[in-house]
Amino acid sequence: MSSTTKKIDTDWLTILTYFLLVGLGWLAVYAADYNHAYPNIYDLDRNYGKQMVWIGISLLAALVIQVFDTRFFTAFAYVIYGAILLLLVATLIFGAEISGSKSWIRIGPANLQASELAKFATCLGLARYLSNKKADLEIFSNQMIAGGIILIPMLLILLQGDAGSAIVFVSLILVLYREGLSGGFLALGILAIVLFISSLLVPFTYIMSTIAVLLLGALIIRKGLDFKQIALFILPLAGLVAANMYVDSLTLLIILGITGVFFLGIALFTKRLVMVLLTLTLFCSIYSKGVDYAFNNILKEHHRNRIGVVLGTIEDKRGVGYNLNQSKIAIGSGGVYGKGLLQGTQNKGDFVPEQSTDFIFCTIGEEFGFVGSCVVIGLFLFLMLRVIALAERQKSSFTRIYGYGVASIIFFHFAINMGMTIGLVPVIGIPLPFLSYGGSSLLGFTILLFILIKLDSERLLYLR
Amino acid sequence: MESLNFRRIVIQSFMVIFSCVLLGRLFFMQVMDNQYAVMAKNNAVEKRTIYPSRGLIMDRNGRLVVNNEAVYDLVMIPRQVKSLDTTKLCELLAISKQDFEDSYEKMRQSKGYSRRLPQVLFKQIPANIYAKFQEYLYQFPGFYTQVRAVRNYPYRNAAHTLGYIGEVSQQIIDKNPESYRMGDYIGISGIEKTYENQLRGEKGYKEIIVDVHNREIGSYMDGQFDKDAVGGQNLQMTIDIDLQSYAEELMQNKKGGLVAIEPATGEILALVTAPAYDPNLLTGRKRGSEMELLKRDTLKPLFNRALMAKYPPGSTFKPLMALIALEDGAIHAGFGYGCAGGYRLSASKTVGCHGHSSAYNVKEAIKHSCNAYFCQCFYLFLENRKYKDPGEGLTSWHDYLNAFGLGVDLPVDIPNALAGYVPRPDLYNRMYGENRWRSKMIISLGIGQGELGVTPLQLAHMTAVIANKGEFYFPHVVRPAKDDTASIFNQKQISSIAKRHYKTVIDGMEGVVTGGTARVAKVEGLDICGKTGTAENPHGEDHSLFIAFAPKNNPKIAVAVMVENAGFGSRYAAPISSLVIEKYLNKEISEERKFLEKKMLDADLVGHLKRYTIP
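Residue numbers (numbering that gives the first Met the number 0), protein chains in the order written: chain A, 0 to 463; chain B, 0 to 614.
There's no promise every hint is true.
Calculated pairs, SDA-like style, for lysine to any residue (alpha carbon to alpha carbon, straight line, at most 25 angstroms) [to be verified]:
id: 1; chain 1: B; residue 1: K81; chain 2: A; residue 2: E353
id: 2; chain 1: A; residue 1: K394; chain 2: B; residue 2: V9
id: 3; chain 1: B; residue 1: K498; chain 2: B; residue 2: W436
id: 4; chain 1: A; residue 1: K133; chain 2: B; residue 2: N4
id: 5; chain 1: A; residue 1: K132; chain 2: B; residue 2: S2
Hints in this document: simulated from the structure, not taken from any laboratory.
Turn these sequences into a full structure, and let the hints steer you where they fit.
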């Protein structure tokens, strides 16, 4: 008996953090939806009453998970993954359309959002695949399969019209990185983001020139002042800069594409540094110009506006920037200690749209001030680091990979949601884990976290 | 494994660094930067103005003459208006679709237009229409009503004296930004203007918390910074509204002015200009169009003849002429002057007079209104040896008249009263050349003709001063507080003319009514003293004038009446004056004078004038 007690080691610290976050979340939902006319906190007509029910359901799910044998999760990882994919497809076919996206399925009195459940399922599937010893991420085909596991649910969710939830899956690249994917991919990702933002802010010619100058520097450092090589590097670029002035974006993209492929061929064939750098410059240019073109011609108006508001290219506090501006006012007016529970004027006056769901942090920021902000950020940071610590103490690679999946997804949600409420990132409609109002989200995150807690609790029992 | 450990650190660093970035940004927003708190207050806390109720106005007997009536402005928040049933709205508000479109366009073009803020679409919906509309208000999301007050006049009289209120102009807002804001009401004319500061009261405000739809959800900081509105002071007028109403009736269908003053106090009892209008026309929604009609009326009902029309006083000037001639030593009370049907200026020129026995003293001269006598008085006054030339004499005469309020701005509490005109030597120096005129060239001034111009108010004031034997207060329509010693209307004025001269003149004026030119004005037991006048009018029939006061001893009322184009003073002005006096002193008209009253009420002197509206 004593040996069993010793071997089942539940991490109560994580569970405590979970309860603190959920409790704080409920309080915030209560404050956001409070109305003198409905004093009963169990009132099922109000968000806080419904959220209370969802907390109960989530706790039940957490309890059920603890009853399962952990081997169930490894054995049925693919089944669960497959089942959720089917659910996503079913949502696409039978789903109810709510505010522009078809991501809800009616189950009895409630609406279920399959994409919330897809997160833990994808983590399970990915963990199952990568824990296989043969799945070496240095190998291209394995990269493709791992990428596929992530991309399939992502695409299905994208098809539902819920771009925000789809983007969340990008965060799983951190798991791949941890499991051996080259850091180059991560660097490439970051470069892509930097170029993306600068492409929308700075004229194309400047970006191209900057890249060219940087790479020219690299060339000179490696090869010295070889004028023939420098000329070889600069002349084609000068030609393109000139072309930029006379042709429209689409033509330029085509020209860039053709020259890019042409120089890629030469680079692969000759393996000369100058050609490699030239090709690199060209591909960066294609990307930059491509982003610019896509932004202006492919993205829809409201997407463009959301990005524009964060980048500061659109200053419109009444129209598109209204949400963000009101959110910042609510949070910023909280001061150090906040206005007190139920005392937030912006909160009570419904100035911030989506205040119970995506903008729940506004309520906390306004009513609990900077102190409240610190508590929320502290709890999340602690939870994420704790989850990584749990992951790292596993002998089982399955649990470790799953743990990183949990950390990545929570991190992404936390960063994007918090960032958007204070104007650091574009407004992407994804909830703040454990705090935002919404049953599917709470249930999904609870399952996500408690599977890890279950797996971790039995880390000494089995070796997977 | 070393490299994987590094990767763990990379991932952990992402989390820590991003958390720090969030914290840093939040620290800046919540702790360092104050602007969000200000913006939050602008968002959610609205300072609502509480309008004070404008002071009420009573007549001298405490009867309510001006009160406030609730009307409703229809306000819309354009952003909240989703689908609008214009037809139904117009039907409920009893307006045409065109009216709606005009108002809507006007609202959209206004300076402070915003889709998020309340905009006034219709002003001053009357209470009866509002009552019906209110039941359907829920069918018009985004529409609200706000209550305002407009003036209401239970008596339809004294429009010019009361004046009207209207929206304050930008110039005044710029000058008094603390007291007025766009859309506030201000007194524009009459005592509404003069006593604006008392009537206005003090605006209050309360700060309330509103939600995003601008609905009130509570008071801000428990209302500790709120301020109550202080209602305007009520005014007590000196006007007797019944007398005013009666006098207006007598003056109906005539052009002219009537002013009645209580001699002992300077309190104006009635102030009539004819034609008049119902003050209720200039309140409410139709004000603009009604105002246009009044402005374009050929009889100029907006023109306050009692204060602004100048007429030569004619013979009504004679009592004053006698007074100053006596005081100045030009004549004495027993001075007699033979009248041979006129006053001879030269071999060919004579100032005509009517047939009466020659006046052997001042009393008789006034009683018979002898032109020759007063021409001689004036001649003697100017040619008095104490003056070096008639110019100096005329200057002295001018000063005497000024002391009686003629030719100067009388301090009266109704705006825009005119000073009238009393000539000085410089006028004749200009007309005839320096010192190239003689007394006889300006002799008609002595009988109140020529260049003299006085208003009915001045005439009434002059009468009141004579009636009260030189002790007087300046005329006013609002009773000043008794302890307000700074008020000029509380300061007693005393004329420099000896009391005995007044007695002489008053005896003469008594004779006018008992056996002189105005026997029609005689009322048994009232001791009315008066003087008729006929102002020569080169443009048409002469103006009929009469001044009177009663009773002779301890006078209670002094009246001046001017009826345009009505001929002799005894024809209209004297009967009307006597009726007003009788009404005031006896409260009713005696049986034997009812015919006179009916004749005056029925007289229509403007019917033939083809009154029309200038397009």
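K394 (chain A) and V9 (chain B) were given as a pair; does the straight-line alpha-carbon distance stay at or below 25 angstroms?
holds (21 angstroms)
Does K132 (chain A) pair with S2 (chain B) here, judged by a C-alpha cut-off of 25 angstroms?
holds (18 angstroms)
Is it true that the CA of K81 (chain B) sits at most 25 angstroms from the CA of E353 (chain A)?
holds (21 angstroms)
Need the status of pair K133 (chain A), N4 (chain B): alpha-carbon distance at most 25 angstroms?
holds (21 angstroms)
Holds or violated: K498 (chain B) to W436 (chain B), with C-alpha atoms at most 25 angstroms apart:
violated (34 angstroms)
The structure fails to meet hint 3 from the earlier list, while all remaining hints are met.
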